[in-house]
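**Student:** If you want the building blocks of each chain, they are given just below.
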Amino acid sequence: MITRIIEFSAKNRALVLLGAAAFCALAFYTLKVIRLDALPDLSDTQVIIYSRWDRSPDIIEDQVTYPITSALLGAPKVKAIRGFSDFGFSYVYVIFQDGTDIYWARSRVLEYLSKIQARLPEGVQTELGPDATGVGWVFQYALVDRSGTRALAELRSFQDWTLRYALQSVPGVAEVASIGGYVKQYQITVDPNRLAAYGIPLDQVIAAVRSSNNEVGGRLLEVAGAEFMVRGRGYAHGLGDLEAVVVKVGSGHAPVLLRDVARVELGPQIRRGISDLDGLGDHVGGIVVMRHGENALNVVNAVKAKLREIEPSLPTGVEIVTTYDRSDLIHRAIATLKHELTIEMIIVAIVILVFLWHLPSAIVPIFTIPISVLLAFIPLYYLGVTVNIMSLAGIAISIGVLVDGAIVEVENAYNKLHLWDASGRKGDFHAVRLDALKEVGPSVFFSLLVIAVAFLPVFALVDQEGRLFKPLAYSKNLAMALAALLAITVDPALRMSFTRMNPFTFKPRFLGWLASKLAVGTYYAEEKHPISRILFTVYEPACRFVLRFPKAVIATALALVAVSLPFYFTLGSEFMPPLNEGTILYMPTTLPGISVQQARALLEAQDQVLKSFPEVERVFGKAGRAETSTDPAPFSMVETTVVLKPEAQWEAKPRWYSSWAPDRLKPLLRPIWPDHISWEELVANFDRALKIPGVTNAWTMPIKARIDMLSTGVRTPIGIKVLGANLAEIQRVGEQLEGVLRDIPGTRSVFAERVTGGYFVDIVPRRDELARYGLTIAQMQDVIMSAIGGENVSTIIEGRERYPVNVRYPRELRDDVGHLQRVLVPTPSGAQVPLAQVADIRLVHGAAMLRDENGFLAGYVFVDVTGRDIGGYVEQAKRIVRDKVRLQPGYVLQWSGQYENMLRVRERLKLVVPITLALIFLLLYANTRSAFKTLVVMLAVPFSAIGAIWLFHVLHYNVSIAAWVGMIALLGLDAETGVFMLLFLDLSWEDHKRRGLLNTAAGADEAIVHGAVKRVRPKMMTVAAAFMGLLPIMWSTSAGADVMKRIAAPMIGGLVTSFLLELLVYPAIYKLWKAHVEPVPAAR
Amino acid sequence: MKRAIAIRAALVCIVVVALAAGFVACGGGAQHAAKYHCPMHPTYISDKPGDCPICGMRLVHIESNTATGERQEGQAVGGTPVAGGTPAAAPAEGRRKILFYRNPMNPTLTSPTPAQDEMGMEYVPVYAEAAAPVGAAVPGLAAVQVTAEGVRLAGVQTEPARHERLERTIRAVGTVLPDETRIRHFHTRVTGWVEKLYVNFTGQFVRRGQPILSIYSPQLVATQEEFLRARDAATRFAASQFPEVRTGGRDLLVSARRRLELLDVPETFIDELERTGTLQRTVTLVAHDSGYVTFKGVFEGQQVDPSMMDLFTITDLSRVWIEGDFYEYEARELHLGAEARLTLAYEGEVRRVGRIAFVSPTLNPDSRTLRVRFEVDNPKLELKPGMFANVELSVDVREGLVIPDSAVIDTGERQVVFVSLGGGMFAPRQVTLGIRSNGKTEVLAGVVEGEQVAVRANFLLDSESQLRAAIAGAAAKLPNGAPR
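So the protein sequences, as listed, match chains U and F.
For the first sequence, this note's numbering begins at 1 and goes up steadily by one.
For the second sequence, this note's numbering begins at 1085 and goes up steadily by one.
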């Protein structure tokens, strides 16, 4: 079947090549339209229900979060419902099963939400978060007023009502969130003394304001055949209209106007988020949030185009300054990968050229690489996989392997042609070449398939790791599959196109010589080949040495494996290898409860320090939350984006060459020994400069931070959720668990989350006192809400803009507990009594944030386990907890955590890995027809582990799934090289046997040496191509290289050791095996 | 054979070297009893590097309190230099007893005599008063060492605890009222008809003796006639040689005059009547007091009689009352003679000082308030009855140890301040607070005079302190957690 395809392709060269060209054209088109992003979208299918209500966390929990979470229970395909209640905000995350369509999920949530929306308290604004996540923060900007004349409130209004809508209309933008500045608000600051003097209760003021700002319609009026629309005007325009609102008509018929009892002015709304640019103080900023699954680059470009369009209409003196731009990273990452891909291709091409020393042969694999890479984009596009660092890395790590098939084919053809040439050119060389191609074609196809099959376990990954690595698996496997396909179609067609066997003889002679070299080439015997000669001189003595001490060699190899394995456990681990995004996100954290003013002072001080560094281009700090449901940050969490200048401008660091090397040489040396401080050193410098008491510094990068913050579940192997109704009890149980679990063997750390940090002023009504005045709780609370809290009672409409009207007491009358006591509560009798008379006011400490899981209050206990089987640990822990921890009725312990995931993955892997191994085994077996040989081939796996582990150790890398992905990729490679090794040993053995040279032990050794040494070139070539192809990745320092390094490192390390050991150990094993199954007659 | 041995030896060597390398690598990790915590969740503390279980951030190494580069902090703590290193800077030096001296960078190193550390830094004196509360640590809080840079960045500022006069104010709404003792009603004492009104509108100012109205009253006319008759009789009888007759005639005149006077006929009118002997149809009545017409109940031509309510109310406003309503729970603060600041809502910053002249013996059951009266002179008539006044009553006026309000971190369960010990060291102190006023708080216990307390950025000091305490607590729990 495969041979027939090869034959067909060889015969219909034009058709095949034309077809390939057509597909390449299609691939070019898809390359233009395919979605680009820095990283794959890692978010769960998650819908956020976001509610705003200026209440404390426990009130929000009781009245908003809990009703919403409980209403959503039982919605289809829902995996988990997690609620958070913070001051003024409620977030309910509804997480759907993997693969659920986001829009389907959103409409389910809306359906369930509609049941309870009417039952939520008045004033709660509940909405569905955008179809985006924090990872979609692709572009951020700040409004800078160069003229120094614009008020922050004015800029904020411009941002909120003009800029925001303009940018929100850009396709792909889910929302534009505003941050910083002041939101304009009409503030009615009532004077309680005057109210008391006039005998006006506060609610009368509120009612008066409410009913003095509306417009109505009076339907139609027909006059003289025309119809007139009747309007009752009455929007309050500006402060004057509000001041003139009548509150009461006094006894002397004198109206009491609002201005008689209150100050009406413009002021800032309560702020839950502030921002700072370059340490210069408050600035207004905007965050462009990209819709889920969009092309980040296109969105950013469209946003920038829109901004350019808007620029002329900006208020004079105002400028839009970009504070974060994801497209830079995407461009850089894609450029890095393109660069690496190009370098790899060149290196691989050089390797092939050097090894074959024959251009017409080399041209085939060299063409195969770009074509198979290019073609891979077609299925990627139709599968909806984005082009990102991971998918490009998949291609990058397979480049060296892609050509294997082509190399083997070409090498075989070359060898056969050489034989044909050497034996006096009998028969048609076309037929010889075709036969040569057909001879190895099937096994080439299968070996490429083995590599692809070996990579299948990656598809078994689920959740975040699945989403992270599937693009890589897709691109790698597609490229491999396409390479396999090309190996039996385009490659033969291409190879057959070089028809000449005789050198050109036309004049001038050097041209003829050049043409001959390019199109015809010289065929050398393997022994005479320049590269082979070097290999032989090195390898032959080694091989002979090995054959002398086969057992010792095998024992050494096994010892090496045994020694290396423990080092695996000293390696750290991480979820995702770091992607150097080129932008720093500085996330200092204080304890919860910090005030706006303190946070602002802190933010400014920090930004000033950062900005003072010469490496820093721009600093944009944010404390608290931007106006988006994708940002649940409290004030205690500052996020400062630090945009850096190009590395060349960083602080210089003298290197050994700095003093003497000429300037032209320096660019060459820089990539290896950079003459400026490194990223880590820079961050360390920042960190040293920012030692502020009470603040812990975290240094991360924007995308990484957003991804980290995405998942809201437990990240330790084990998490125990304590579910119940009372927070104090939950905490008590958590602390008890902490104590109990600490003593279980294998516990590395236990940490029960403490929910505190909130400061409260509790106004507790004294019911008997209330009764004395005939007051209800609600009447008292109305006063708390409006006088102290400040109620937005109406909305002023100014053209397109809308601003709230707020009524409250003057700040100086509500800024401490003593003053709160004097807040007046109107009684039904008309008298106004102070709050202190009917309520106790006290300060208490409580939870700053509440967590709600599937309708219960939840507290988490995080458990990390080391050196034990997690399943067994959980069993034991559960037993001990059952014995020792008393739970009150209604309290539930739920065991969860990554271990569920790990178990699930393990379950899958238990199924998938044996199947994969069986498939590989079968494929190998089909190829070698020997169970023993197959096993020997598989022996390459532990050998490669040695190199992988040691290289990781040397480079101080952590083990991540990326490393495992690299190992899995290595598995296929190992099998491939192992097969070749054995194949050539077999061929040589059979050849010697046929020639009757196996009668002596020396003869047998000779046969093995011949098989191992004489055919070292093709083996060396495939390995060298793979190895050298990966090397440029390790040198690279640009954006995105770090991720690839983690994948490439195990491959490089493993490839070296497995190849070296294969070269040395396989002959030894082969010898012992042959001695066992076919004892040499002479030995008897 | 030799070769085989060589190979075996090589093999053994390789294994040994590899294992040794392994042990070195493992041992390297074990040497540091370092601790790590999550930068975002600082209370999660682990003895190994890794990721935070809550947020997945990479854990960072916790640096010990006494990091390097913390020299010179004493010189630059906040707005007021905290010169803990120089004993002269401490106020009230003479009264305080120095217990010992401590290393400015490491509070655990102490010396009984003044000393210098290896870098030439003066040891900081530790006073007897200061030492005691430091020892009695606040649970959950630890002393904090801050670098000079940290102090500057965080914006820590300190202020000393001082003895100051302080007071607490309670506020109330006051109303300007006419002095009840200066209100006069104007009535006629006869029935009659108002012929002419001289004072014609409410609010008109009336001077004492100024004509108010002319009245025609038959009774007055009759009385005038009687008077005239009496006058004639008196003239006639005056010539009589009988002294009884003379006296009787005079008495008659006097009593007729008295009758007119009692009917409120002005004296001038009577004199005129007596002089001219012409009977006047109308009588002009005059004001008895100066003041403002605050009520007018009569119109020209109106018939009036003594039983009518009143024709005019004339109020003297040269002295007025300001009455304030205080709530029940403030009642015990109200004493006669207590001083209050009175501000008119319409007058801005002009302040008057009044003293409580009267405290109402009963509580107003409707408004649940107690009335308090201040008497105020009103020569320029700025205080107009009906005006609102703000009354600020100073109570609890006394001398006390005072710190700024902003220094106190009040968690509801306890009040804590951070006291600068010099050298960038801040110690938490639990304090007992007295009264608060005008941004100041009285400290009853916990701080002594002259000690510098942090007044700005103490939230950050508190956070740091809690973290340090948590780390120390966690260190005790960790298996190999020797606190560093």
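Honestly, I wouldn't trust all of these hints.
[Claimed, not checked] Okay, derived cross-link-like pairs now, EDC-like style, lysine to aspartate or glutamate, Cα gap no bigger than 16 angstroms in a straight line:
| # | chain 1 | residue 1 | chain 2 | residue 2 |
| --- | --- | --- | --- | --- |
| 1 | U | K248 | U | E222 |
| 2 | F | K1524 | U | D815 |
| 3 | U | K11 | U | E651 |
| 4 | U | K645 | U | D428 |
| 5 | F | K1524 | U | D816 |
| 6 | F | K1524 | U | D325 |
| 7 | U | K993 | U | D1005 |
| 8 | U | K611 | U | E651 |
| 9 | U | K691 | F | D1494 |
| 10 | F | K1524 | F | E1497 |
Rather than coming from a laboratory, the hints here were simulated on the basis of the structure.
Just so you know, these numbers come straight off a predicted model, no measurement behind them.
**Student:** If you check each hint against the structure, which ones fail?
**Tutor:** Hints 1, 3, 4, 6, 9 and 10 are the ones this structure does not satisfy, whereas the remaining hints hold.
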